[in-house]
Amino acid sequence: MINQLPIINMLLFLATALIIPLLSRRKFNITLIFGFIMLALVMTSSFFMLFHIADNGAIIYQFGGHDSRIGIEFKVDLMAAIISLFVVGLTTVIYIYSCGDETEGVEQKEYGRYYILLFIMLFALLGIIYTNDLFNAYVFMEIISITTCSIISIKRKKETYAASFRYVMLNEIGSLSYLFGVALIYMVTGYTNIDFVSQSIQTIWQLYSINIIIALGFLIIGIGIKAAVFPFHIWLPDAHASAPSSSSALLSSIVVKVYIIVLIKLLFKVFKLDVLNHFHVSDILVVVAATGMIMGSIFAIAQKDVKRMLGYSSISQIGYIVMGIAMFSSLGLSSALFHIVSHGLMKAALFLSVGIIIYKKKIKKKDQFEGLAYEMPITMGVFTIAALGMIGIPLTSGFISKLTLGVAALDHRQGFLIIIVVLSGLLNVIYYLPIIISSFLKSEPKIYHPFKIEKVPWPMLTSVIILGIGILTFGIFPNLIMNIMTQAAELFGWV
Amino acid sequence: MKIIQVFVDNINFIGAVALFLIGLRTVVTKKNLIKRIMGLNIMGTSIFLFLVAIGNVTGGVPPILSGEEGVTYINPIPSVLILTGIVVVVSITVYSLSLTVKIYEMYGTINQDELTNLIREDDLHD
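Read top to bottom, the protein sequences are chains A and B.
End of the first sequence sits at 518 in the working numbering; the numbers just go up one at a time, nothing left out.
End of the second sequence sits at 121 in the working numbering; the numbers just go up one at a time, nothing left out.
Think of the hints as simulated: they come from the structure by calculation, not from any bench.
Check the hints yourself; a few may be wrong.
[Unchecked claim] EDC-like cross-link-like pairs, simulated, lysine to aspartate or glutamate; straight-line CA separation at most 16 angstroms:
(1) A/Lys181 - B/Glu64
(2) A/Lys181 - B/Asp118
(3) A/Lys50 - A/Glu182
(4) B/Lys97 - A/Glu477
(5) B/Lys25 - B/Glu116
(6) A/Lys383 - A/Glu513
(7) A/Lys180 - A/Asp218
(8) A/Lys383 - A/Glu398
(9) A/Lys181 - B/Glu63
(10) A/Lys465 - A/Glu398
(11) A/Lys327 - B/Asp117
(12) B/Lys25 - B/Asp117
(13) A/Lys389 - B/Asp108
(14) A/Lys292 - A/Glu133
(15) A/Lys387 - B/Asp117
(16) B/Lys30 - B/Glu116
(17) A/Lys132 - B/Asp117
(18) A/Lys180 - B/Glu100
(19) A/Lys387 - B/Glu109
(20) A/Lys181 - B/Asp4
(21) A/Lys180 - B/Asp108
(22) A/Lys181 - B/Glu116
(23) A/Lys388 - B/Glu109
(24) A/Lys327 - B/Asp108
[As the list claims (entries may be wrong)] Okay, the calculated bits of chain B under chain A, using three or more residues with CB under 8 angstroms as the criterion:
(25) -3 to 7
(26) 56 to 63
Since this is a predicted model, take the numbers as computed values, not measurements.
For glycine and all other residues, C-beta sits at the position ideal for the given N, C-alpha and C.
Construct the complete structure from the given sequences, taking the supplied hints into account.
Okay, here's the thing in structure tokens:
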């Protein structure tokens, strides 16, 4: 029974997506409650799976009982279990928010369709995390591409169409170069299953080194475009700025991270350290990540639109994650995994609190935030916590991820990387702190009513409060998740 | 002569890479949105050609078991992978074409340069 859980999770999401159209004649609240129950069910089963896997090792599921040489195989290891729990949990919080935010550019009759797309996307996200097959990952990638593009363009506004066209073009170049990489690997190994591919690459990579390095290049660039790693980031700010707020939060804190998981699988499960060290992949990734960390922040300073600024900030934060991966050590990988979770929480909190401000005040520009904290104390409070987390102030989870990244850099004997981490943090100060200062300190105090919270729908407030508490909890007690992440990172067999 | 022989032997792979580059150039440099979608299709086709070429065995026959002995079969798995790939590329094409229709309705143009200018003007008005 426990072996079936991964596929049951996915089927639950697919079934939800199929049942929502049938509920379209009922009250819309029924759809919302139904979706929430499904998310809660999958979250429970993901929890259960995580504990099971932590004790008993990975779950392997073979489709149709075929041998994994010819069939498709799911393999849920500790990392996949943690990330799937993170994806489902964070989506639940964003889902709660989206129940309250009904007016943000999406038409009344489109609500149901939005949730259909959301659940199909979740289906594919879980699939890409669980799968142990390179070609299968490509198929799920394309499902994610189409659904995320539709989630962006569901807002019937001019700029969303242009943004999602650019997104679909670049994503498609990314998926096709990923497919080319898979084809090149199939050419030398004859498998698409990750375990078998890895075994044969370990034996033949010196014979077919040209093939392997071209495949590695295509795969890394393909994933890089999809995960918005620095030189391939140009689609991200437009797409995130023009989407509805809850979609921006989903895209920035979940979808992009799932591609990073694919990158981790490719590097450490398929190619493994011998091949990577021979081709100096670590150095290339460190340079790319460091440039991204600095340039993302510099671009963000220049932006006037808050959501676009948050998009550029995501690019610099993805640089942190890639840098953690590029250390090629257990410490670096666990810091990357921790930053995936902590950045997910922080960026979701930022996008959702900005979403509340857009909902309530209809403002988008950075300089219109003056005195806002007096009117909206909770929203701006969560915004401040998350922004301080981005900067890396102690007591927030952002501090812990920067600390572990710094320790990993020292362990990797590349102490100069700490300078880049600190510099990027200081650049974050330049664009987050003015917003906080102007909203809390610059205003005439006569409109100030203590203990008066803003009047917005309760689901929106609840979800941002949950996110704020989450950021502080993981900042004060990082070992709640850090231990299991270290455990997951050590499973990759470092030499 | 040896170079020509290598070229002729690997004509499938060379053709696939050439098509991939042609498609990539079309997507990146062309200004017309429809042409960019065509470029994507060319890129997709190049990869399908590449996969078929991998599966081919010289002198092989389609893998339908007939009971005869001493027959070499071609590898059917790449062809099956391509079937999935074709479906995926078709759906992406349909989606991006429908987006192009919407863009034409909204902006009245499908030229990337004019589109960028229009978007910039909209930003200034905000």
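Does B/Asp117 sit within 16 angstroms of A/Lys387, going by the straight-line distance between their CA atoms? 15 angstroms, holds
Are A/Lys181 and B/Glu64 close enough, with their CA atoms no more than 16 angstroms apart? Outside the cut-off at roughly 64 angstroms; violated.
Regarding the pair A/Lys181 and B/Glu116, is the alpha-carbon distance no greater than 16 angstroms? 12 angstroms, holds
Verify the coverage statement for the stretch -3 to 7 of chain B against chain A, using a C-beta to C-beta distance below 8 angstroms and requiring 3 or more qualifying residues. With 0 residues in contact (Cβ-Cβ under 8 angstroms with chain A), the coverage given for the stretch -3 to 7 of chain B is violated.
Check whether the Cα positions of A/Lys181 and B/Asp4 lie no farther apart than 16 angstroms. 51 angstroms, violated
For A/Lys327 and B/Asp108, compute the direct alpha-carbon distance and say whether it is at most 16 angstroms. 23 angstroms, violated
Can you confirm whether the C-alpha distance between A/Lys383 and A/Glu398 stays at or below 16 angstroms? 10 angstroms, holds
Does the alpha-carbon distance linking A/Lys181 and B/Glu63 stay inside the 16 angstroms limit? 63 angstroms, violated
Keeping to a limit of 16 angstroms between CA atoms, is the pair of A/Lys180 and B/Glu100 held or broken? 11 angstroms, holds
Can you confirm whether the C-alpha distance between B/Lys30 and B/Glu116 stays at or below 16 angstroms? 25 angstroms, violated
Would the hint linking B/Lys25 and B/Asp117 be met if the CA-CA limit is 16 angstroms? 24 angstroms, violated
Please verify whether A/Lys327 and B/Asp117 have alpha carbons no more than 16 angstroms apart. 15 angstroms, holds
When the structure is compared with the earlier hints, violations turn up for hints 1, 3, 4, 5, 6, 7, 9, 12, 13, 14, 16, 17, 19, 20, 21, 23, 24, 25, 26 and for no others.
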